[in-house]
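Taken in order, these protein sequences are the chains called A and B. Counting from 1, position 52 in the first sequence corresponds to residue 52 in the numbering used here; the numbering is continuous, with no gaps. Here the numbering used here runs 1000 ahead of the position in the second sequence, where the first position is 1.
Worth flagging that the hints you see were computed from the coordinates, not collected in a lab. You may find that some hints are simply not true.
Restraint ranges, calculated between C-beta atoms of paired labels, are given here [what the hints assert, rightly or not]: (1) A/Thr-66 to B/Pro-1060: 30 to 40 Å; (2) B/Pro-1193 to A/Ser-63: 23 to 33 Å; (3) A/Thr-143 to B/Gly-1071: 58 to 68 Å; (4) B/Lys-1038 to A/Thr-149: 51 to 61 Å; (5) B/Gly-1145 to A/Lys-100: 52 to 62 Å; (6) A/Glu-41 to B/Lys-1421: 41 to 51 Å; (7) A/Arg-12 to B/Leu-1419: 51 to 61 Å.
So, partial list: chain A residues that the calculated Cβ filter (under 7 Å) puts toward chain B [what the hints assert, rightly or not]: (8) Phe-64; (9) Tyr-65; (10) Leu-88.
Derived lysine to aspartate or glutamate pairs resembling EDC-like cross-links, with alpha carbons at most 16 Å apart [said to hold, decoys possible]: (11) A/Lys-49 to A/Glu-13; (12) A/Lys-17 to B/Asp-1392; (13) A/Lys-17 to B/Asp-1157; (14) A/Lys-22 to B/Asp-1157.
Note that beta-carbon positions come from the ideal geometry of N, C-alpha and C, so glycine has one too.
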Amino acid sequence: MILNEQSIAEIREKMVKYPRRKSAILPALTVAYRQIGHLNEDLYGEISKIIEIPVVEIAEAASFYTMFPKHPVGKYLIQVCHNISCALLGADGLVRYLEKKLEIRKGETTPDNLFTLITVECLGSCSTAPMMQINDRYYENLTREKVDTILDELRKQA
Amino acid sequence: MEKRVLFKHIDDPEQVTVKGYVSNGGYRAWEKALKSMKPADVIDEVKRSGLRGRGGAGFPAGLKWSFVPKGSPRPSYLICNADESEPGTCKDRELMECDPHGVIEGIAIAAYAIGSHISFIYIRGEFGGPIRAMERAIEEAYAKGYLGRNIFGSGYDLELIAHTGGGAYICGEETALLNSLEGERGMSRIRPPFPAVEGLYACPTVVNNVETLSTVPHIINNGAAWYTSMGTEKSPGTKIFSLSGHVNKPANYELELGTPLSYLINDLGGGISGGHRLKAIIPGGSSTPFLLPGQIETPLDYESLTEAGSMLGSGGVIVVHDKTCIVWVIERLIHFYRHESCGKCTPCREGTGWLEQLISRIERGEGTPGDLEKIDSICDNIMGRTICPLGDAAVMPIQSTLRLFRDEWQYHIDHKSCLVKSEFEFA
Ligand SMILES: Cc1cc2nc3c(=O)[nH]c(=O)nc-3n(C[C@H](O)[C@H](O)[C@H](O)COP(=O)(O)O)c2cc1C
Ligand code: FES
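Could you put the whole structure together from the sequences, leaning on the hints where they help?
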């Protein structure tokens, strides 16, 4: 098993809340993603056994939802919003700045597997643009200075 | 002036806790509804308040609730739509993060009104903060007996399940949301049947936006007459506007409906940033047609914005200054809609793809004569011909700029470059 006891317990706990078991697919995928950092076929198989839904239905749903990476990513997944409100406040410049600092291009992961940089659509943080999400935290009203501090702190934590 | 009804306690850090919420007058409306009102009375009060849906379509809330068949043997469901992902919109996030019990109280009263004993809040998956705030608040509400069994000793039971999404804009569209909640791919459904008759698990279902539901406790507490004393005759009450883009003070502001756009942008928002001039305004989230600087006195209400050629939508007001290339703005938007089209119906799936190709080509300086006419024609063939309004949402901003800024589009094709070079750097 790739899923740990805690994740399995969490999936079971969520599953029984719903009037129909199939509704637990998305919550289960979320739990798996939170533990592993991405999704794959092995995880679909494990989820299928826990919630007793055919694996094909799990895979079918999973492939629709872009929030879950389908291949391994760095420890910190940096997602820069490049939609309109952020773009008007320099989101493209933010991406270029991150590319330069991390010495990778958009879509890539640093060789130490610490950071993956991608762009995403509006994250509902438009009045505090430009912004990025790293794992499940939002960083808003970004400036070069703030980005420097954030990356330094994450490197220290890692 | 800002008119804070939903935002009355938004700056109070205690408001997120059940204790703080209750000491600020919270859960009194829920008690009042359960103890002294019949479901039909609640519906009637909300109908008379004129409250309209804040998720984008502006449908009267009380009327929607009244469509749920009475005495049906099947259960009914109330779903709070917290998928907030219309570009330019960030109000539901603030409500959930700073006033989660207000959302719960609204859900509870609406659930009672339609006779639902199981309710859901569908929160977009990226919203880590709001998800944590809502989950914590739901737990507290259960512990205090505001949710669960025999609430306030009334015999009424209500479950509330927090469900999180997977990062798909389309799942904010109510029928796609239903599919997503059922564990399917988030693709929209053909209507009719409407959700009120056949929604979640083919049972009667009401879907309402976070802001819509958060308003309900205030109406129950203070009455419909109080609510209609604010705003305009046809657009009563207050609305939260997310102000973003090229303004000095972007933020969420709650205003009486009917307040002029200029007040939001200039008085509250501190005017256009960088000493530039206003070029265009997208008043209701990225899916709504653009307005020109000359329209800045337009009152922010459903009717006036429709009359001005746009829509109130979700209330996401995006401000664009004059050092911005309009083709570049539209390329950003069409990339989004193409990416978010669920792919179920052909006009939207193929049409948004063709539009993205054409528009990107023009933006790159590779446009050819006739491209604008092609875009016109594709837009006409999407508009009104798709299963859900995502197609219309993609097309409306494009069509409006082709009308308002056609010379700029034409220049881009003729000169293979921008008429206005975009000037905004990352600070
Ligand atoms: C593409 C698309 C995306 C939508 N996204 C949202 C959303 O994120 N939140 C929301 O409340 N309504 C959204 N809506 C509107 C819903 O379909 C629905 O009208 C609304 O949730 C009803 O609630 P209301 O009557 O309280 O506004 C969207 C509609 C479309 C067509
Ligand atoms: S446009 Fe970036 S958060 Fe909305």
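Going through the earlier hints one by one, which of them does the structure break, listed in rising order? 12 and 14
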